[in-house]
Amino acid sequence: MEAVAKLSDYPTSPRKARLVADLIRGKKVSYALGILSFQPQHASPVIKKVLLSAVANWQQKNEDQKIEDAELIVKSIFVDGGRMIKRLRPAPQGRAYRVRKRSHHLTVVVDSAV
1 MEAVAKLSDY PTSPRKARLV ADLIRGKKVS YALGILSFQP QHASPVIKKV
51 LLSAVANWQQ KNEDQKIEDA ELIVKSIFVD GGRMIKRLRP APQGRAYRVR
101 KRSHHLTVVV DSAV
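Numbering-wise (full-length UniProt numbering), the sequence shown opens with residue 1 and increments by one.
By construction, these hints were calculated from the structure, which means they are not laboratory data.
Since the structure is predicted, the reported quantities are computational estimates derived from the model, not experimental observations.
Careful: at least some of the hints might be erroneous.
[Stated by the list, open to error] As a list, the in silico DSS-like pairs of lysine-lysine whose alpha-carbon atoms are at most 25 Å apart:
(1) Lys16 to Lys6
(2) Lys101 to Lys6
(3) Lys6 to Lys61
(4) Lys49 to Lys28
(5) Lys28 to Lys6
(6) Lys66 to Lys86
(7) Lys66 to Lys16
(8) Lys101 to Lys16
(9) Lys16 to Lys28
(10) Lys101 to Lys49
(11) Lys75 to Lys101
(12) Lys75 to Lys16
(13) Lys86 to Lys27
(14) Lys61 to Lys49
(15) Lys16 to Lys49
(16) Lys6 to Lys75
(17) Lys48 to Lys6
(18) Lys27 to Lys6
(19) Lys6 to Lys49
(20) Lys28 to Lys86
(21) Lys75 to Lys48
(22) Lys27 to Lys66
(23) Lys16 to Lys27
(24) Lys86 to Lys75
(25) Lys66 to Lys48
(26) Lys86 to Lys61
(27) Lys28 to Lys101
(28) Lys48 to Lys27
(29) Lys86 to Lys48
(30) Lys86 to Lys16
(31) Lys101 to Lys66
(32) Lys28 to Lys61
(33) Lys61 to Lys16
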């Protein structure tokens with residue numbers, strides 16, 4: 001039985017978070033946690049925390065099974081664009097450039113391999 005964990009409106013651009021999410025898609029959870037521990041990207045600790053939350057949700061649903069015996073895998077992980085905060089930055093000759101501060105939504109689904 002699968003379990004889901006979600007994070008909404010985290011202030012990092014979706015493109016940067018997708019680079020990290022692509023590294024762990026389809027991998028075993030223990031292997032994915034190892035990958036996320038040593039990644040230098042800003043989104044790595046956040047994705048690791050959401051992955052641990054998904055594992056805890058799976059454990060809550062399946063109290064009769066052990067995590068070690070289940071061989072959990074990251075069934076799917078996707079990063080969607082969230083709200084965009086728009087700011088103005090001064091530019092030459094009295095103009096203004098628009099600065100778009102992006103955020104993203106993260107969804108992690110874990111499931112047992114057996």
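Hints and how they fare:
{"no.": "1", "hint": "Lys16 to Lys6", "verdict": "holds (17 Å)"}
{"no.": "2", "hint": "Lys101 to Lys6", "verdict": "holds (21 Å)"}
{"no.": "3", "hint": "Lys6 to Lys61", "verdict": "holds (16 Å)"}
{"no.": "4", "hint": "Lys49 to Lys28", "verdict": "holds (16 Å)"}
{"no.": "5", "hint": "Lys28 to Lys6", "verdict": "holds (19 Å)"}
{"no.": "6", "hint": "Lys66 to Lys86", "verdict": "violated (47 Å)"}
{"no.": "7", "hint": "Lys66 to Lys16", "verdict": "violated (34 Å)"}
{"no.": "8", "hint": "Lys101 to Lys16", "verdict": "holds (13 Å)"}
{"no.": "9", "hint": "Lys16 to Lys28", "verdict": "holds (22 Å)"}
{"no.": "10", "hint": "Lys101 to Lys49", "verdict": "holds (23 Å)"}
{"no.": "11", "hint": "Lys75 to Lys101", "verdict": "violated (30 Å)"}
{"no.": "12", "hint": "Lys75 to Lys16", "verdict": "holds (21 Å)"}
{"no.": "13", "hint": "Lys86 to Lys27", "verdict": "violated (36 Å)"}
{"no.": "14", "hint": "Lys61 to Lys49", "verdict": "holds (19 Å)"}
{"no.": "15", "hint": "Lys16 to Lys49", "verdict": "holds (17 Å)"}
{"no.": "16", "hint": "Lys6 to Lys75", "verdict": "holds (14 Å)"}
{"no.": "17", "hint": "Lys48 to Lys6", "verdict": "holds (12 Å)"}
{"no.": "18", "hint": "Lys27 to Lys6", "verdict": "holds (19 Å)"}
{"no.": "19", "hint": "Lys6 to Lys49", "verdict": "holds (10 Å)"}
{"no.": "20", "hint": "Lys28 to Lys86", "verdict": "violated (38 Å)"}
{"no.": "21", "hint": "Lys75 to Lys48", "verdict": "holds (15 Å)"}
{"no.": "22", "hint": "Lys27 to Lys66", "verdict": "holds (19 Å)"}
{"no.": "23", "hint": "Lys16 to Lys27", "verdict": "holds (20 Å)"}
{"no.": "24", "hint": "Lys86 to Lys75", "verdict": "violated (34 Å)"}
{"no.": "25", "hint": "Lys66 to Lys48", "verdict": "holds (21 Å)"}
{"no.": "26", "hint": "Lys86 to Lys61", "verdict": "violated (40 Å)"}
{"no.": "27", "hint": "Lys28 to Lys101", "verdict": "violated (33 Å)"}
{"no.": "28", "hint": "Lys48 to Lys27", "verdict": "holds (13 Å)"}
{"no.": "29", "hint": "Lys86 to Lys48", "verdict": "violated (29 Å)"}
{"no.": "30", "hint": "Lys86 to Lys16", "verdict": "holds (19 Å)"}
{"no.": "31", "hint": "Lys101 to Lys66", "verdict": "violated (42 Å)"}
{"no.": "32", "hint": "Lys28 to Lys61", "verdict": "holds (19 Å)"}
{"no.": "33", "hint": "Lys61 to Lys16", "verdict": "violated (32 Å)"}
Hint check: violations occur at hints 6, 7, 11, 13, 20, 24, 26, 27, 29, 31, 33; the rest are consistent with the structure.
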